Structure formats: structure tokens, C-alpha cells
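Student: Chains as they are written, first to last, in our numbering: chain A, 215 to 591; chain B, 76 to 396.
If you are wondering where the hints come from, they were derived from the structure by calculation, not from laboratory data. Quick caveat: nothing in here was measured; it's all calculated off a predicted structure. In this text, a Cβ means the ideal position worked out from N, Cα and C, and glycines have one as well. Please note that the accuracy of each hint is not assured.
Stated by the list, open to error - Reference listing, derived: stretches of chain A covered by chain B, where coverage requires no fewer than 3 residues with Cβ under 8 Å from a Cβ of chain B:
| # | stretch |
| --- | --- |
| 1 | 225-232 |
| 2 | 361-367 |
| 3 | 523-537 |
Said to hold, decoys possible - The list that follows gives simulated cross-link-like pairs (lysine-lysine, DSS-like), each with its CA atoms no further than 27 Å apart:
| # | chain 1 | residue 1 | chain 2 | residue 2 |
| --- | --- | --- | --- | --- |
| 4 | B | Lys167 | A | Lys221 |
| 5 | A | Lys588 | A | Lys261 |
| 6 | A | Lys588 | B | Lys167 |
| 7 | B | Lys208 | A | Lys221 |
To be verified - So these bits of chain A aren't anywhere near chain B, every CB distance computed over 10 Å:
| # | residue |
| --- | --- |
| 8 | Ala222 |
| 9 | Tyr298 |
| 10 | Ala329 |
| 11 | Ile335 |
| 12 | Val354 |
| 13 | Ala457 |
| 14 | Pro470 |
| 15 | Ile509 |
| 16 | Thr519 |
| 17 | Tyr540 |
| 18 | Ile577 |
| 19 | Ala585 |
| 20 | Thr589 |
| 21 | Leu590 |
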Amino acid sequence: MNRRRVKAIAWKEIIQVWRDPRSLMVVLLMPLMQMALLGYGVNLDIKHVTICTFDREGSQESEALMKAFQASPYFDIVETEHDYDAVKRAIDRGRCKMAIVIPPDFSEDLAASNAASVQAILDATDDNTANIALGYAQSVVGSFSGTVQLSRTQSLGQEPPVAPAVAQYRVWFNEDLVSRDFIIPGVVALVLALVGSQLTSLTLSREWERGTMEVLVSTPVTRMELMAGKILPYFFIGLIDAALCLVIAVFWFEAPFRGTVATLFLTTSLYLIVVLGLGYFISASIRSQIGASQIALVATLLPTTLLSGFAFPIDQMPPIIQGITYLVPARYYFAILKAVFLKGSGLGDLIAPIALLALYAAIIGLLAARAFRKTLG
Amino acid sequence: MTGAAPASEIRIVADRLTKRFGDFVAVDAVSFEARAGEIIGFLGPNGAGKSTTIRILCGLLRPSGGRAEVAGFDVARFPERVREHIGYMSQKFSLYSDLSVMENLRFFGGVYGVRGARLDERLRFAIGMAGLKDRTDALVADLSGGWKQRLALGCAVLHEPAILFLDEPTSGVDPASRRRFWDLIYSLAGDGVCVVITTHYMDEAEYCNRIALIDAGKLAAQGSPSELKRSAIHGEILRVEGDNPGAMLDALEGTPGVRDVAPFGSSLHIVVDDAARDLPAIQTLLNARGLGSARIEPIKPTLEDVFVQLVGADKARRTGS
């Protein structure tokens, strides 16, 4: 590998990016906009679920349960209905996500120490929200029945019974259970994948499209030199973008950062090599700029959002899909970022994902170098 | 390693070079040699296989058959070694429009591995050659055709290649710039560079030391312009100019003594055995047909006449200047 040739190509590439408004946009504006859009837009927390109530009894007990729902931060009672038709309409029209129906014999059942039942009707078009809302509703009802039981035993002058088992949750690493704290590292992984692959996807296709490639391949430049010269400038640009995203994540979105900058730098560099290599591989295979850019978008956006563990937990996917996630480099980087941000993990804790990412970088580099042929036609 | 270029002056050897794209034979068993200091012109209609031949010789396309050596290296086996010794100007304009004159030159200097004092000297040479001394900071996009073309030539010779391949370098350039470009080519050839140039301008072909006429992938003939004229044209050429070329063509075709008639623009070129002897008879014939206003004069054969004789009038017209 001749350093002089690599330098000549890298320098030319930097001048071209600097003079091309479109490339500058990808370099500077795209990461900012995507961080803002995804940082604010993606929020997996469920609070203020709109509900309606249908109290078929109207007793003191039933009203106490309603109050318990009202007091919960997870629910907003927006309507009070008086028949099933009204409940049905409220859910059909989307005014409420859930209806709580209290049966007419609610207080009687409670008094008779039978298990009193409460009906919850859910709009499960968004099954994820519905599941989470149901869980919250169960916990509201559960704590209500605990209170009832306590007051009943006290009124009978008995010792309060020891609850058979009480689950005590202690949440580590994301104490507030704020989904944004783990979404933000995911957004960084996504933005870097998008920007990185976009940058290099244009680099060879531009030369083919403008006709400069024909002369470039007639020079003694080897394909390794060409790849090095073309990826190197974007690696530094990518590091700047990564720093930008991480600064926004920590200082603007206040994602807790417990790791070290050195760990972050090393792992981010590795990830950048993978996404830049991917873009270069696409660019070597497709000779039109539009085509290469579109494919780079599809190849990074979908797998990174769907299969990296960012939007859906990997261990809940069907086994086949879980297998496919091993092919998504963002999977490793997302795991690393989460660990570095929330757990403060160091390099020693991350040997497995780092090794896999490095393997990925080596394979994609090899494929990218081989994909480009110094021949025409 | 095959070693350096052989001591002999031969720079290119092509031996039954063939290139097929599927069923289509783009280059069909082309053989020729080119020596240092020689300007060899590939002349032929569009699609005849000129560019494909050059691309094979530059190592950009693999030959399907036959072999070629450039600067002593087999183009199929050692394309990288070949590339160290060649300069190439492609048909498409191939400099970076968003880079300045100097940035383009420095880039090509870098990829050709020219450095230090030699680089400074070669940059000066290329800038002087292109006549861009006062515009080294101008963006290439802002230059006109003639400047761009001379700059592209400058970039192609930065590393002092032994062989220069120019694929229709003068298409779309004004006549004055074309003339200037040819002066540069002569001076490079004078320094010992072997120049291979493709063109479909007949007048440009006359500037070459040697011409290879290419038609449908085959080498139809090769030789110096005068050799080609001597060998291809048996007889002499008369130019017939008149108001009604169509009627004149009908009248003259098949006339005894007239070996061939071909339209050239608004006039006809006819080939006869002996101009002095046959001219009066032809004048008489035209007079008899009511075409007496036609002027007939003997002329020297052009390369276009050669082309007509060798590959037929239709193709010659498509190639024509």
C-alpha cells in the first residue's frame, strides 16, 4: 500500500465533500436532525392512558376503586359512561384505550369475602400499549384489594395477615425506568449507521456517474489503496458526527453516562468502520448514486431499528429472527452503548460484542475491497 | 516479474486481439505493433471497436482471445504493471469538475506516484502545456472545452508515460483548439512517447504517422496515410461538382472507364484509371445527359476515398468529417 496514493485520494475526497452542499448536509445536518427527531419522537413510556369508566353499582367501594384509578399517573379518566353502548362507542372512536367496568354486585362480593371481579375492556390495536396498560390496571386493582383486606381485618380486631408473598422490584441501571435513557444510545447507533453508510455509498458511484472512474482505474492505484483513501476521510468525519451525537445524548437529552470516553471512542471507531465499509461495499456494487444511497438507507434503517434490540427486545423474538439479529452490526454496538451508558461497563466487560464487531469489520472490509474491480463492463 | 520494457523500440504488440460481448464480436483478431515516437491513429465509424481495443490495451477490459503486450507487459496478466507505463484520456471528460486546475494535477501526481522536485517540474510542464499558468486556482467546471482537454492531457502525462492512449480526445472541441492539441501530441511523440489515438475525423487521421482502419471490429488496413492511398486506390480521383448530384450519380454509375462513384457532400468522387485520358469522355457523357454545367477536376485522394474503397460508401459517410 502506497501512502502517497492513499493520501492523494483522501485529500481529493475531503475537498469534494467540502464543496458539495449535498454531502455537507449529510455530514452535518443529518445527524443533528435525526438526533432531534428520534430523541423526541421515540418514547416508549406509557403514561396518561385514556380510559373511561362504567360503574354499574355506584357504591362507596366502587367509587373508591375509581379514585384509585384517578390517582394513578398512568391513567386519565376522560369519560364516565352509563351503558355498554357508550363504552363501545368511546373505544371504537378511539377516545379511550381502555374501559373499566365495575359489576353491580361488586360491594356485595367484597363484603361476602368472595373474589370480586372488575372488567377491563382494551383497545388492542396497539398490542404493546394494551399489554402495558393492562399490567398497570392489574397493579391498581391489586393494591386496592390489599387496602380493602387490611381495613377488613383491622375492623374485625385481628392481626393483619402476612401477605403470602410480595414482589419487591428494585430496578438497576435505569432507576427511573425511563425508556428514553436506553432509547438515546439506540438513537446514536441508528444515526451513525444511517450517516456512515450514506457517506461512503456515494463515493464510488459518484466517480462512475461522472466518468472519472474510467481514468482512475487506468492509474496504478490498487483497490486496497482506493478503499483506504476513500474510507479514511469519512472515518474522521464519522468520528466528528459520533462526538456530536454523543454530546447531544448526554448534555441535551441527559442520558446518564457512566462509562469512560476511551471505551466509547474505541467501540465507536470499530462500529464506524463497519458502517462505512458497508456503504463502500454498496457503492462498489451499484454504479448510480441514487441507487446506492437508497440501498444504503434500506440496508441500515430497517435492520437497525427492527433487529438491533432498539425497538423490540431480541430475546422475545422468534428463534429464526433472533438468529438474523446476529447479522446486524447495530445489535452489538447498541448492546455496548447501553452497557457503557447505563452500567458504566469497561472494555473488559464487553469483550464478546467488541470481538464480534471486530470480526464484522474484518469481513465487511474484505468484501468491500473485493467488490470493487479495476475493470470496466 | 517480467522485468523492464525490452530494449527494442517496440512499445505495443497486439496479436489477434479479440473481445466478445456475448455473441457480439467487438474486436475481431486485431494485430498491430506500435513503436516509440510513433503516432498511430485508429480510424473507423462509431461502434467499430476502436475504444474497446484501447481499453483492452490499458488493461481495463480482459481480452477474450489473442494477446497484447504494452511496455513489455502482458495486458491480461500484468495490468497493474501496464498501468505504470501508460497515460489514458477517456472519451468522456474525466477530470474532477469540482476541483481546481492545481488540485486535479496534484491528485493525479499523487496517484501516479510522482513526488518531490520531479512533481514540481512536471506540474510546471503540465500547466505550461495546457496554457493555464494564470488560472491554476480556477475550478475545472469553469474552463472551456479546449482548456479542459489540454489539462486532461497534462494530467495523463504527469508521470511521463512511455505510451499515451487518447480516446477521441478532440470530439466537441473547436478547430483552433484541435490544432493546438495536435501540436502538443507531436511534441510528445517527438520526446519518444508512443501515442495511440482514436478519431473519426478524417482530417485528423492525416496527422498520424500510421493509420489503422477499423471496421466492424476488424483491422481493414494499416499503413501511413500515403501508403494507404497508394495501395487502396488503383487509379486516380476526379471530383465532379454540379447542381444535381443524384442524376450525375445515375449517369456515371456503370460507365466504362469509371471504376467507382461515391457521393462526398454535394459533389461526387469517381475513380478512373487515367484522369487525363478519361476526363473528356466523362464531360461528353454528362453534356449528353443535360448535365453540362458540372465541373470536373482531378484531385489527390483523401483518406475518405481510401475508406470508401475499403469498407464501402455507407460506412464512410457515417464516419465522415
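Student: Quick check: which numbered hints come out false for this structure?
Tutor: As far as the earlier hints go, 2, 3, 5, 8, 20, 21 are violated by this structure, in ascending order.
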